[in-house]
Structures are given as structure tokens and as C-alpha cells.
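Let the sequences and hints guide you as you build the complete structure.
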Amino acid sequence: MTYEELLALPAAVDLDTANKALTIGRSTGYALAKRDEYPVTVLKLGNAYRVVTAELHRLLGVQPEEAVGCSAPSV
937 MTYEELLALP
947 AAVDLDTANK
957 ALTIGRSTGY
967 ALAKRDEYPV
977 TVLKLGNAYR
987 VVTAELHRLL
997 GVQPEEAVGC
1007 SAPSV
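Per our numbering, the sequence shown starts with residue 937, numbered consecutively.
In case anyone wonders, no lab produced these hints; they're calculated from the structure.
Among the hints, erroneous ones may be present.
Cβ-Cβ distance ranges computed for the label pairs, FRET-style [what the hints assert, rightly or not]:
1. G982 / E940: 26 to 34 angstroms
2. E941 / G961: 12 to 20 angstroms
3. K970 / L995: 18 to 26 angstroms
4. R962 / L996: 13 to 21 angstroms
5. L943 / R971: 26 to 34 angstroms
6. Q999 / K970: 26 to 34 angstroms
7. R994 / D950: 14 to 22 angstroms
8. S963 / Q999: 25 to 33 angstroms
9. V988 / E940: 14 to 22 angstroms
10. D950 / R971: 17 to 25 angstroms
11. D972 / L996: 18 to 26 angstroms
12. G982 / A947: 16 to 24 angstroms
13. D972 / E940: 30 to 38 angstroms
14. T938 / G982: 27 to 35 angstroms
Calculated cross-link-like contacts (lysine-lysine; reagent style BS3-like; alpha-carbon spacing at most 25 angstroms) [unchecked claim]:
15. K970 / K956
16. K980 / K956
17. K980 / K970
For every residue, glycine included, the Cβ atom is placed at its ideal position computed from N, Cα and C.
This is the structure:
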């Protein structure tokens, strides 16, 4: 997954997308999620797994606010 694709992700993604971002195979990703050993927090919503994109960004060192040129407001 490219840097631009990572920046374009919605607030939460399915486990397959998170696996792709982390270059984890599908079977391995689901096994890690079931054992609560996935590298970021996985939310189980019914039968679906979701991963918060901000955690993926943090783990991968992606900083969206710097990428789009945003800065903190001056006081």
C-alpha cells in the first residue's frame, strides 16, 4: 500500500485492508486478531473486525497532518 493510499483510508478499516497496510497475510491477520495479538487494537463488531486507521498510521509512522501541510493554530 502506498503512502497516498494510507492517507486516503477512512477513519476505520476492515481487517483485510489493515492486513494489506501491514503486509500481513489474511490467515495470519485473522489468527492474530482472534488471539488478541494483532499489532494494533482490533474492534470486533458483530462478526466483523475493524481497525482504527489512526492506530495504523501511528504504527507505520504516517503523519497525515504533516502530509497535507496542516499546522497547529497560532495563539
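(request) Any hints from earlier that this structure breaks? Give me their numbers in increasing order, please. (result) none
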